[in-house]
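**Q** Each chain, written out:
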Amino acid sequence: MGMREYILKRVILIIPMLMGISFIVFMLMYLMPGDAVDLMLALQPDTDPAYVAHIKSIYGLDQPWYIQYFYWLKQFATLNLGSSFLSGRDVSEEIGARVVNTLSYQLLAVVFSIAVAIPAGIVSAVKQYSKTDNLVMTAALLGVSFPIFFLGLMNIFLFALILGWLPSGGAHSTVFLGRDIPHDFSYYLDYLKHLALPTLTLGLASTAYNARLVRSSMLNVLREDYIMTARAKGLKERVVVYKHALRNAMLPVITVTGMQIALTLGGAPITETVFSWPGLGKYFVYAIQHRDYFVIVGITVVLGTLILVANVLIDISYKWLDPRVEF
Amino acid sequence: MNPIMEIKNLEKYFPITAGFFGRKVGDIRAVDNVSFDVLPKEILGIVGESGCGKTTLGKTILRLIEPTAGEILFEGKDVSTLGTSELKEFRKEAQMIYQDPYSSLDPRMTVYDIIGEPFDIHGELKSGEKKKVILRLMSEVGLAPFHIYRYPHEFSGGQRQRIGIARAIALKPKLIVADEPTSALDVSVQSKILNLLSDIQKEEGLTMLFITHDLSIVRHISDRVAVMYVGVVVEMGKEEQIFEKMYHPYTEALLSAAPIADPRRKRKRIILTGDVPTPANPPKGCRFHPRCRYAKENCATEIPQLRDMGDGHFVACHYPLI
Amino acid sequence: MADNLLEIKGLKTYFYTEDGIVRALEGIDLHIEQGETLGLVGESGCGKTVTALSVLRLVPDPPGKIIEGEILFEGVNLLALSESDMRQIRGNDISMIFQDPQSALNPVFTVDNQLREVIELHQGLDKKEARQKAIEMLDLVGIPDPEARVEDYPHQFSGGMKQRVMIAMALSCNPKMLIADEPTTNLDVTVQAQVLDMINNLRKELGTTVLLITHNLGVIAEMSDHVGVMYAGRLVEYGDADTIFHAPLHPYTIALHEAVPRVTEKKQKLGVIKGVVPNLIYPPSGCRFHPRCDFSTEVCEKEQPKGEWVGDHYVECWHRREGTKL
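Residue numbers (our numbering), protein chains in the order written: chain B, 1 to 327; chain R, 1 to 322; chain A, 1 to 326.
Just so you know, these hints were derived from the structure itself, not from any lab. Quantities reported herein were computed from a predicted structural model and do not represent experimental measurements. It cannot be assumed that every hint is accurate.
[Unchecked claim] Straight-line C-alpha distance at most 27 Å; calculated DSS-like pairs for lysine-lysine: (1) A:128 <-> B:243; (2) A:269 <-> R:238; (3) A:266 <-> R:174; (4) R:88 <-> R:77; (5) R:202 <-> R:88; (6) R:268 <-> A:325; (7) R:266 <-> A:266.
[What the hints assert, rightly or not] Across the chosen pairs, the derived CB separations fall in these ranges: (8) A:151 <-> B:179: 58 to 66 Å; (9) B:325 <-> R:23: 16 to 24 Å; (10) R:16 <-> B:238: 42 to 50 Å.
[To be verified] Simulated coverage check for chain A against chain B, where a stretch passes if three residues somewhere in it have a Cβ under 8 Å from a Cβ of chain B: (11) 88-97; (12) 114-127.
Glycine included, C-beta positions come from ideal geometry on N, C-alpha and C.
Using the sequences provided together with the hints, build the complete structure.
**A** Rendered as structure tokens:
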């Protein structure tokens, strides 16, 4: 199978996957007690029941969940995600306003993790059992031992409270909130400062994992015959390690990075709650709390698509790294 | 002598799939229309290079993999159509010894468990007798009694192969298929295992199919030899017929390629050009014709059948070397 | 006697493992004459590969260390060279091919890339010239259509073809010595014959000295001028091929011959060597072969036999089996 055929196959497969995900989400939402209208009117218990029923029928909430799902699906076929019960705006608009915030720290965390983990893992492997190796591996063990929210709270405690270097949450300082703030250098600098802690927290956790993975993968590769061949050619050890070993050692790392992207995107609600980060994750939690059904499904579908696309990209890079891979 | 086993037009094809829906685009013809008899109490050597189908043949004969077509008559009964309970009976009669003594033994079982397992499955022994029988089997294959509760990782490759042999002969089978049983072993260990196998074969009156790529081993151990090439048997006969008066050009080339451990015997080697063809896409006609120095026009189109040249010497060639 | 290209004197290589010190090479003396093929034979763990890796100073460290001895290549002690001088020797003056061509080529680089690498490194050719040289080498080792195949990855070649690529790579800088470690063990018999034939032709054509390591006595007999027999980290016997195969003196050499089945005759019974290969963390005292030897006496257990030269024939044994005819 050629690369083009493979990508086409994967893209086509996204459709049934999204249908499956959305179906399950609809079912789960139905299991939650109350809907958006119930919650909005919770503090006004003496509202006229006929009025409530009328409101519900406007939104289709009086229908059984599978009928609601069917309507949603019909809408989705035209790439319309519906509109939010709460804000009344299009779900795609709401998601569009937040998706950049989520992608920014998620991508930076992946980049950070790879940029730190690869050199650390290589040094650890090449100098196995040395002091450097022990230090890196101890740090990595600590890193993988803590859950993200704990690591996040610790980082806030250290960098925001004790050292006071970085803001503890949010995406912008108050002076940059509002409608007519110019997007100049200081605006972006402020954004970057806010970005630092979520990135660092998320990055550290996967860095720790990746460093261990790079090390063990590298150790395996360094025992391969072709490494001996490379040395027997008279190549410098640097060339042996960075040319001959690294590319082979990266193969399992790439695979795992693909899975990590799914995990960290899935963990966005927790990460963003810890840092009050105005991204999709935090919005997702808010939507669930308020039973904003179309937003919940919309975010799930968008995150699902992102994960699937990331996996296709991973597979393509796999092929690029390893010529033996056949699709 | 009546054969203990008759293989008739045996085929084992593995499908090759490709494309969007995994549709079948072809077959790997691992074993392709193979017929021969196995005589009682003989060692029949099956020799050939990688991809010739010798291992698949051995496994298909024991029905460890299902044949695609053909008959496998064991004492007159077709093994390929046996039902579950009959197959269980057949398993008692026919056993396998594997190539890799490291991966063919369960690392979590002791020698007692491994050799005793066939008895558990077939319920042959009272528990009081079991240990005695296991100890007797162990001494038969040259394992010390104190090894009985040890695990496979505590043994060397040669000793593991002895455990595998003890397990295989535990139920006193009539037929054993030994698949490259010494190829993972050192020379000095190999000689011990080969001696053990031929001793056991004589003492127990076993019939043995000995699969190997090593010509010197096959010559040493076999009464008769079948030479395989890309899924087919090209020549078959008594050991001395194959090694001294071969008829098939492939046998001739194969033998001339085998290095001789004697610097004084410098022979003219027949160097075959090219690689062994893949069974996924075997050459038309005679499968050896593209590499054969005697090939004529019809070799490329007509498939030669295995025919008797007299005295039990069979060859599948249009122009046998006479 | 012709000039020696390589002389190994008193070489000891140990491996410092968690279980103890593996005395893999315990004082080896060996020489290879200019232009000859020396076959080194022995069972697994006897130290033949460690000898080869020691010559190139590629013994994995840790845990391995060359702790004593000299390796003189054209009179220069390789063990005294700096690492960067040693790199000038590897792949250039001495090159090596390995047992398993499936794993000895890097799967993620093209053949062109892997061949050019060594050519550019040692011959100072630019990319275009090196590529031309790579194609010439592939042609020399009998790879059809080398201009096209040079762009292929290793997995696109068959096992025999991969070993040819390895040989092309090893010979591309016209080395004085080629170390071939079990070069045909994983190949089919007919392909083995092709590869051995090619090594023989190329060695004559290019005048390369070959150190051939194998456990296969047949391959040794067909290829070697001289033969060294190794056992448990010692060279126990050395001589010209005819002597080693027809008038060996060491009980181990004789036992090895008797244990091997022959393609030329049917033996009634194969010879056996009692016991198993020793653990080299706790090697046997005296002669390392004595616990398995049919002729051992008290002295064998107590004292390491002094090696003795009779003409061109070296043997290390207290009870030489004079008059053996095989």
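**Q** So, for every hint listed, does it hold in this structure?
**A** We went through each hint and held it up to the structure:
Distance hint between residue 128 of chain A and residue 243 of chain B is fulfilled; the C-alpha atoms sit about 21 Å from each other, no more than 27 Å. Simply put, residue 269 of chain A and residue 238 of chain R have alpha-carbon atoms about 19 Å apart, close enough for the 27 Å limit, and the pair holds. About 25 Å separates the Cα atoms of residue 266 of chain A and residue 174 of chain R, which keeps this hinted pair within 27 Å; it holds. The straight-line distance between the Cα atoms of residue 88 of chain R and residue 77 of chain R is roughly 14 Å, inside the 27 Å bound, and the hint therefore holds.
For the suggested pair residue 202 of chain R and residue 88 of chain R, the alpha carbons sit about 26 Å apart, so the restraint of at most 27 Å is met. Only pairs whose Cα atoms come within 27 Å are accepted, and residue 268 of chain R paired with residue 325 of chain A is accepted, the gap being roughly 25 Å. Of the pairs offered as hints, the one joining residue 266 of chain R and residue 266 of chain A holds, with about 19 Å between alpha carbons and a cut-off of 27 Å not exceeded. For residue 151 of chain A paired with residue 179 of chain B, a C-beta distance near 59 Å keeps the hint of 58 to 66 Å intact.
Remark: the range hint 16 to 24 Å for residue 325 of chain B to residue 23 of chain R is upheld by a beta-carbon distance near 21 Å. The hinted range of 42 to 50 Å is satisfied by residue 16 of chain R and residue 238 of chain B, whose Cβ atoms lie roughly 43 Å apart. Coverage of the region 88-97 of chain A by chain B holds in this model, with 7 residues showing a Cβ closer than 8 Å to a Cβ of that chain against a need of three. Closer than 8 Å: that is the beta-carbon criterion, and the region 114-127 of chain A has 4 residues meeting it against chain B, so the requirement of 3 holds.
Figure legend: structure checked against the earlier numbered hints; every hint is met.
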